[in-house]
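A.B. asks: Sequence:
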Amino acid sequence: MSDFIPALAQLIEALRACAPAEGPPHVALERVMDALEILNDNPKAKAELRAAVAEAAQQGALHIDGVPLFFLRCLLMEEVRHD
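Residue numbering for the sequence shown follows this note's numbering, starting at 11 and increasing by one per position.
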């Protein structure tokens, strides 16, 4: 699976720890952006993330490594057109 969940978990933790005036930590933010790019460009990475989310939900988990499942599900949503 891509580095997406650990990168996002690191960003969430960094945001919790920083003072409001500091803003988001650039290294953690860049790591998430890089992982998101891989997720968008690599169907295998997206399929692996989708499987990890499904497995966690089946086990009754609400988070994977501190990242809420609802957030991960939103990232995995495909655009649906209703023409």
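Quick caveat, the hints were computed from the structure, so don't treat them as lab data.
Wrong hints could be hidden among the right ones.
With a straight-line cut-off of 20 angstroms between C-alpha atoms, the simulated DMTMM-like cross-links for lysine to aspartate or glutamate are [to be verified]:
#, residue 1, residue 2
1, Lys54, Asp13
2, Lys54, Glu88
3, Lys56, Glu88
The calculated label-pair distances, taken between Cβ atoms and stated as ranges, are [said to hold, decoys possible]:
#, residue 1, residue 2, range
4, His36, Ala64, 26 to 36 angstroms
5, Glu23, Leu85, 15 to 25 angstroms
6, Pro78, Cys28, 30 to 40 angstroms
Quantities reported herein were computed from a predicted structural model and do not represent experimental measurements.
Just so it is clear, CB atoms sit at the ideal spot from N, CA and C, and this is done for glycine as well.
A.B. asks: Which hints from the list above does the structure break, by number from lowest to highest?
C.D. replies: Result: hint 6 breaks, nothing else.
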